[in-house]
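Top line first, the protein sequences correspond to chains U and G.
Residue 89 in our numbering sits at position 89 of the first sequence; the count goes up by one each step and never skips.
Residue 86 in our numbering sits at position 86 of the second sequence; the count goes up by one each step and never skips.
Incorrect hints may have been included.
The calculated lysine to aspartate or glutamate pairs, modelled on DMTMM-like cross-linking and capped at a C-alpha distance of 20 angstroms, are [said to hold, decoys possible]:
1. G:K153 x G:D52
2. G:K43 x G:E307
3. G:K304 x G:D234
4. G:K226 x U:D84
5. U:K258 x U:E233
6. U:K153 x U:D57
7. U:K153 x G:E327
8. U:K226 x G:E307
9. G:K226 x U:D280
10. U:K204 x G:E105
11. U:K204 x G:D57
12. G:K204 x U:D57
13. U:K304 x U:E341
14. U:K226 x G:D57
Hints in this document: simulated from the structure, not taken from any laboratory.
Number of protein chains: 2
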Amino acid sequence: MVRKGRKMEFAKGSQSICFEHSPYIVSSGCVVGSKESQGPLSKWFDKTNQDDLFGADTWEEAESNMQKEACVLALSKANLKPEDIRYLFGGDLLRQGIATSLGVEALQIPMFGLYGACSTSGEALALSAMSVAAGYGNCTLAVTSSHFGSAEKEFRFPLGYANQRPLASQWTVTGSGAFIVGTKKSQVRISGVTVGKIVDYGLKDSQNMGACMAPAAADTIYWNLKDFERSVEDYDTIITGDLGYIGHRILIDLLAQKGIDIQEKHKDCGMMIFDQKSQDTNAGGSGCGCAAVTLAGYILPKLKKGEWKRILFVPTGALMSTVSYNEGASVPGIAHGIVLEHC
Amino acid sequence: MVRKGRKMEFAKGSQSICFEHSPYIVSSGCVVGSKESQGPLSKWFDKTNQDDLFGADTWEEAESNMQKEACVLALSKANLKPEDIRYLFGGDLLRQGIATSLGVEALQIPMFGLYGACSTSGEALALSAMSVAAGYGNCTLAVTSSHFGSAEKEFRFPLGYANQRPLASQWTVTGSGAFIVGTKKSQVRISGVTVGKIVDYGLKDSQNMGACMAPAAADTIYWNLKDFERSVEDYDTIITGDLGYIGHRILIDLLAQKGIDIQEKHKDCGMMIFDQKSQDTNAGGSGCGCAAVTLAGYILPKLKKGEWKRILFVPTGALMSTVSYNEGASVPGIAHGIVLEHC
């Protein structure tokens, strides 16, 4: 059952919000690295950088610089200054979210640090929209990033090792996307959100994150349709974050078991951002930046033009650390659903 | 200027919210380890555990078990089931917030993962209160934890090394606090929040976190007083999270420079939770769990009884990772202010 504010009854266990006063995505900014600039979505990004160090000495600082650049782009497109933003919601993949802390520090916006693995862009957009819809400020900023260099170092091996990558592995996108969510009318509004639960099928292979995340995506899509009393046909497309080629197939199968056919409607940012064959990216792209830059660069323009009227955007995350992995823990997933509409 | 909802004017740069319909802290649960059970606050905690592994094989799993136990305690005290909770806001200190992901997984509550270092209990309470006040559900759950064993391994040295600890260092509290925030009237309400900005004085000593965090606490307290048009006298006490003995002195000095004297009003959870001399905890306690269990066990009962009418609770966090530290980055701080009132 959809809830529309204080006076509505809240169904037990229901996890969605339908906004009475939908907030708008006022502007966005996206910055990517060299490999993304050679991929199929290249022309859609605001800024492509051939120097993956973004002028820094370390991968971590590079990611911070990239994130700050995305924020500044989003602010300048909306003709806003950092002090116009009430709250910032941001996060990344690195331990203790350090790319975000050091990236947005200079903006001096009151901030909420988030961690939702690659689902963080969904989490940040959901909280931004919830804040604006509640009247806690006219503008919030949602930002996330990932960087191939820092992520490989964090989760796998330093790049200098030149390790081999299994076919199920995904390539972390070097990119950052920032979104101003506000009350000022634009052509895209966030009409609702479905907040994800942790879904754990007991998978332990951190090199097959598509499989780890697909059950969470299926759960969130299922509950989104149920909570909003919609069918798949009510969406022009359903776009997951970074399930990649393997997770995509699993998602289709899991939903089919529940009688939901999204085969024709499903897209995945991790499948769109790289050319699998020529770019040698195995199961596809991944990382907080993957869904964020694809939304900012490729998805929002289509919504603005009205090419798509209503879509469900579902960033997906795999909740693991090298420590939990080494200790034999499973890799549960989480996915947040954001309903975006042309207006 | 205080903002009270959609129709109020929002002052530029202002970072506080005054709730028109204040949410209540309906119940709380706190669980601590062996060292905390020997400290001055021992008798106030719901559960003290002499087995710091909490029945697990690893420190990380121990922290997860402890966090789940705190949630279950808070739920049972409020006579609620997990499915009665609309959203969970939680986080911890470990990389990729793994103690929380694996700790709350079994509850199956739609969740927002957070990272605010030791300020996370403030961040979780702020977002919980903002959600409930906005009508996004009748009940939310805010939970945070820290564990001495997992934190030493994450940030410093494995316990087996028996390394020496500098006098400025703080002792990470083994503990978890969970709070049900809801619309159901209790004797303590969250009447407002002041969301913190990242404050960076350029300090680089990760073994002196009190000094790194004190400027952020000073900034948040300063803006809380300004935004709410209050003076120090309007609070019965101002309680920071884990500045410890060194951060405490710096905070007093920094605010004195702005003409604000909190000397008589200031308390710090990190100074209260251990006996500095007999427990050999150097500059005091720290960790997400420090502020959370002190709030749940010691502070809330005083508010309930009306011994304190209105207090400002300010959990403080140091935003660093071992990678940022090794790369020579500074350790900025962040602090969130929660206004708690007897009712």
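Each hint tested on the structure:
1. G:K153 x G:D52: Cα-Cα ~15 angstroms, so holds.
2. G:K43 x G:E307: Answer holds: G:K43 to G:E307 is near 18 angstroms, not above 20 angstroms.
3. G:K304 x G:D234: holds (18 angstroms)
4. G:K226 x U:D84: holds (18 angstroms)
5. U:K258 x U:E233: Given pair U:K258, U:E233 holds - Cα atoms ~16 angstroms apart, limit 20 angstroms.
6. U:K153 x U:D57: holds (15 angstroms)
7. U:K153 x G:E327: holds (14 angstroms)
8. U:K226 x G:E307: violated (47 angstroms)
9. G:K226 x U:D280: violated (56 angstroms)
10. U:K204 x G:E105: OK: U:K204 and G:E105 at ~16 angstroms, within 20 angstroms.
11. U:K204 x G:D57: Holds, at roughly 18 angstroms.
12. G:K204 x U:D57: holds (18 angstroms)
13. U:K304 x U:E341: holds (9 angstroms)
14. U:K226 x G:D57: violated (40 angstroms)
The structure is inconsistent with the numbered hints 8, 9, 14, although it conforms to all the rest.
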